[in-house]
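Use these hints to put chain B onto chain A, whose structure you have.
Chain by chain, the residues run as shown.
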Amino acid sequence: MNFVAFKMLTGDKAKYLGLVFTIAFCTFLLQNQTSIFAGILKRTGSQIADVTDAEVWVMDPKTEYFEQTKALKDTDLTRVRGVDGVQWAVKLFKGSPVARTLDGKFAVSFCLGLDDATLTGAPRKMLLGSWERLREPDAVVIDQAGYVLLFPGEPLQLDRTVELNDHKATIVGISDASAPFVSWPVMHTRYSQAVNFVGRERTQLSYVLVRPQPGVDANELCRRIEAQTGLRARTSNQFRWDCVLYYLKNTGIPVNFGITIAIALIVGIVVAGQTFYLFTVENLKQFGAIKAIGVTNGRLIGMILLQAFTVGLIGFSIGTGMAGEFFNFFGQKVATRGIILMWQSVALTCACMVLVMVLASILSLRRVLVLEPAIVFRG
Amino acid sequence: MSAKLIPAVQCRDLRKDFGVGATQVQVLRGVNFDALQGQLTFLVGPSGCGKTTLISVIAGLLDSSAGEVELFNQKVEKFSASERILFRRKNLGFVYQQYNLLPALTAVENAAVPLLAAGVRRREAVDQAKAVLVKLGMEERLDTLPSKLSGGQQQRVALARALVHEPRLILCDEPTAALDHATGEAVMDLLAGNAVHPDRAVIVVTHDTRVFHYADAIARMDDGRIAKTELRQPLETPELDSVTAFA
Numbered sequence: 016m017n018f019v020a021f022k023m024l025t026g027d028k029a030k031y032l033g034l035v036f037t038i039a040f041c042t043f044l045l046q047n048q049t050s051i052f053a054g055i056l057k058r059t060g061s062q063i064a065d066v067t068d069a070e071v072w073v074m075d076p077k078t079e080y081f082e083q084t085k086a087l088k089d090t091d092l093t094r095v096r097g098v099d100g101v102q103w104a105v106k107l108f109k110g111s112p113v114a115r116t117l118d119g120k121f122a123v124s125f126c127l128g129l130d131d132a133t134l135t136g137a138p139r140k141m142l143l144g145s146w147e148r149l150r151e152p153d154a155v156v157i158d159q160a161g162y163v164l165l166f167p168g169e170p171l172q173l174d175r176t177v178e179l180n181d182h183k184a185t186i187v188g189i190s191d192a193s194a195p196f197v198s199w200p201v202m203h204t205r206y207s208q209a210v211n212f213v214g215r216e217r218t219q220l221s222y223v224l225v226r227p228q229p230g231v232d233a234n235e236l237c238r239r240i241e242a243q244t245g246l247r248a249r250t251s252n253q254f255r256w257d258c259v260l261y262y263l264k265n266t267g268i269p270v271n272f273g274i275t276i277a278i279a280l281i282v283g284i285v286v287a288g289q290t291f292y293l294f295t296v297e298n299l300k301q302f303g304a305i306k307a308i309g310v311t312n313g314r315l316i317g318m319i320l321l322q323a324f325t326v327g328l329i330g331f332s333i334g335t336g337m338a339g340e341f342f343n344f345f346g347q348k349v350a351t352r353g354i355i356l357m358w359q360s361v362a363l364t365c366a367c368m369v370l371v372m373v374l375a376s377i378l379s380l381r382r383v384l385v386l387e388p389a390i391v392f393r394g
Numbered sequence: 342m343s344a345k346l347i348p349a350v351q352c353r354d355l356r357k358d359f360g361v362g363a364t365q366v367q368v369l370r371g372v373n374f375d376a377l378q379g380q381l382t383f384l385v386g387p388s389g390c391g392k393t394t395l396i397s398v399i400a401g402l403l404d405s406s407a408g409e410v411e412l413f414n415q416k417v418e419k420f421s422a423s424e425r426i427l428f429r430r431k432n433l434g435f436v437y438q439q440y441n442l443l444p445a446l447t448a449v450e451n452a453a454v455p456l457l458a459a460g461v462r463r464r465e466a467v468d469q470a471k472a473v474l475v476k477l478g479m480e481e482r483l484d485t486l487p488s489k490l491s492g493g494q495q496q497r498v499a500l501a502r503a504l505v506h507e508p509r510l511i512l513c514d515e516p517t518a519a520l521d522h523a524t525g526e527a528v529m530d531l532l533a534g535n536a537v538h539p540d541r542a543v544i545v546v547t548h549d550t551r552v553f554h555y556a557d558a559i560a561r562m563d564d565g566r567i568a569k570t571e572l573r574q575p576l577e578t579p580e581l582d583s584v585t586a587f588a
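Protein sequences appear in the order of chains A and B. Take the numbering used here: the last position of the first sequence gets the number 394, and nothing is skipped along the way. Take the numbering used here: the last position of the second sequence gets the number 588, and nothing is skipped along the way.
For reference, chain A alone in the conformation it holds in the complex:
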C-alpha cells in the first residue's frame, strides 16, 4: 500500500508541489536565519578565535566582552607570569584609531598591538605579505575587508601607506582575519607601535595572553590567576561565549532574528499543516474506499505518515540545498565572509520540519481514523 500512498500524494501535482515548496521555503528561511544569526554572534568573538597561540585571556574584572576593555597595569603582566602553571604570558593592546588613506578615505579600525618580542596573536592566515614583517618600523597588517573598505576597487597591494590617528603606517601584509562584529578594518601591529597610534594614556595594557604549561588545565589556570591577581581570566572559548552572551543579552539581535525564525516556523506549521490536512480531507472518500476494502487503521497511519514524511524529506532536501547554495554564494563575499550554513542549523531545522509534519499528520490522521468506511456508499 506504500505504492498507493505515494501515488495518492503525487497524483495531484499542484498540491504535491505546493506542499514540497512550502516545506522547502520554510526550511530555507529557518536555516538561513539561524545560520546568519549564529554567524553574526560568532563574529563577536572573531578576534579571540584568531589568536590561536594563547589559551587564556586575562582582563580587568569588570570586562564583559572583547570590545569593552579597561587598561590593566603593566605590573599585572608580571603578576600573571608569576602564577603557577603559566608557561608564558604576553601583553595585547586593543585600540580603535581612525585609519585614513592618502586620498582621504577613512574608517575607525580595530588596532591590535602584539607583544613586540613574540608577535603572539599575529594573524596566521595571510593573503599577501608576511606577519613577520611586523617587526619593521611603522608596519601594520590589515585584513582584506579593511583593505577593500579603505581602497575600494583597488587590487591588494603591499607597502601602501595609511595614517592611524595621524601616524604614518605601512601595510606589510594583508590577512584573512575573521570578520569582526562591526565592519571595521582589523589592523595588527606591534604593541609598542599600537600605543603610539592610539595615543598614550597612563596605562595601555588591554589583555594579557597566557599559555598554560603542558599538562595544566586552562580552566584551572584561570581559577589560579583570578585567585592570585584579582583579575578576570577566561579561556578563549569562555571569552568567546561571554561575547556572544553579552550581545544576546544587551542587543536587539536575538529578538529580531527570533521573530523571523518564529514566523518561519509558524508559517511552516500552519501552511504545510493546513495544506496537508486539506489534502487528506479532500481524499477522505478515497481513504474510506480503502478502509472499506479492508485496510487496517495501522496501515492507514503508515500511509499518511509515509505521505507526510515524503513531502517533508523532499521539501527539507530542496530547502537545505537552497540554503547551501545561498551560503556558498554569499560566503565568498567580503562583507558576509565567515557566515556559513551550520550543521546545528540543519539539525535544528530538520527537527522543526519533523515537528511540522508530525503535527500535520496528527490532524489528518484524526480525520481518517474516525472516518466511517460506510461513507463510500453516500453518493
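Hints are supplied without guarantee of correctness; some may be wrong.
Below 30 Å or equal to it, Euclidean Cα-Cα: the simulated DSSO-like pairs (lysine-lysine) are [unchecked claim]:
1. B:LYS431 with B:LYS476
2. A:LYS300 with B:LYS476
3. B:LYS416 with A:LYS300
4. A:LYS348 with A:LYS120
5. A:LYS28 with A:LYS300
6. A:LYS88 with A:LYS22
7. A:LYS30 with B:LYS489
8. A:LYS88 with A:LYS109
9. A:LYS22 with B:LYS489
10. B:LYS419 with A:LYS22
11. A:LYS300 with B:LYS419
12. A:LYS28 with B:LYS419
13. A:LYS28 with B:LYS471
14. A:LYS264 with A:LYS109
If you're looking for bench data, these hints aren't it; they were derived computationally from the structure.
Just chain B now, kept in the frame of chain A:
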C-alpha cells in the same frame, strides 16, 4: 425445477438506529433478509427505505443496533474489529455508484488495490488485475487514469476491483445509477456474466427498474423492512419472508 442453494447472507430481525433520544431515527426496523450463493439478489425500494444502511451493516461497515447478520454461517457481531476488517478484505467486494476509484492510480492499479491491501506483491497484483480487466474488455485502457475513462469504463474498473481478489460476496450500490441505459445494461451484463458464481453471492442495491431482469431474486424494502422477496424460480430455500415468484 428446484435447486438447493446455500445462504451467503442471513439477516434476522436486524435493527439500526441513528442518534439518541428525541433525534433517534430507526432506519432498519427488523429486517429479515437472505441472499443465496450463486445468485444475483437485488435490493430495491424507495429512497430512504434503508437499502444502503442494510448493505453497510451486512458489510460490517456499520454496527447494527440489534439483530443478527450471518455471512457464510459466521456471525458478524461476534467478530472483533480487526477480525471484521480481515474478513471484509478476504471475502467482500464493493461496487459503488460513484465508482470511488483512486484518481491518481491507473485502471490496472485501481483494480489491484484489494490485492495490495492483502499484501500481494505489486507486480503480481497488477498482473492479476490486468487479467480481470482484460476479461471485462478493458485491455485498451489498462494504464489510463480514471479521469480519462468514461462512466461505463470506470464502473468496469470498479467491477474488476471488486472481483480481483475473488471475494465470496459482492455488494453493489446503485452500479448503474450514474450511467445511461445502454452503458448500464453493458455493466450489468458484465456483472451477471463475471460476478455470479456458485460459491459467491452478489447483492445489488438499485432503483433502476430497467435492469431488474438480471435479478435471480428481488427483495423489496420499505420503511426499514423487507416487504417482499420475489424469486425468478422457486427454490428450496430457508425461511424467506413473503416469497413470490417473478417471470
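Hint-by-hint comparison with the structure:
no.: 1; hint: B:LYS431 with B:LYS476; result: 21 Å, holds
no.: 2; hint: A:LYS300 with B:LYS476; result: 28 Å, holds
no.: 3; hint: B:LYS416 with A:LYS300; result: 28 Å, holds
no.: 4; hint: A:LYS348 with A:LYS120; result: 22 Å, holds
no.: 5; hint: A:LYS28 with A:LYS300; result: 19 Å, holds
no.: 6; hint: A:LYS88 with A:LYS22; result: 75 Å, violated
no.: 7; hint: A:LYS30 with B:LYS489; result: 20 Å, holds
no.: 8; hint: A:LYS88 with A:LYS109; result: 14 Å, holds
no.: 9; hint: A:LYS22 with B:LYS489; result: 17 Å, holds
no.: 10; hint: B:LYS419 with A:LYS22; result: 36 Å, violated
no.: 11; hint: A:LYS300 with B:LYS419; result: 28 Å, holds
no.: 12; hint: A:LYS28 with B:LYS419; result: 44 Å, violated
no.: 13; hint: A:LYS28 with B:LYS471; result: 26 Å, holds
no.: 14; hint: A:LYS264 with A:LYS109; result: 23 Å, holds
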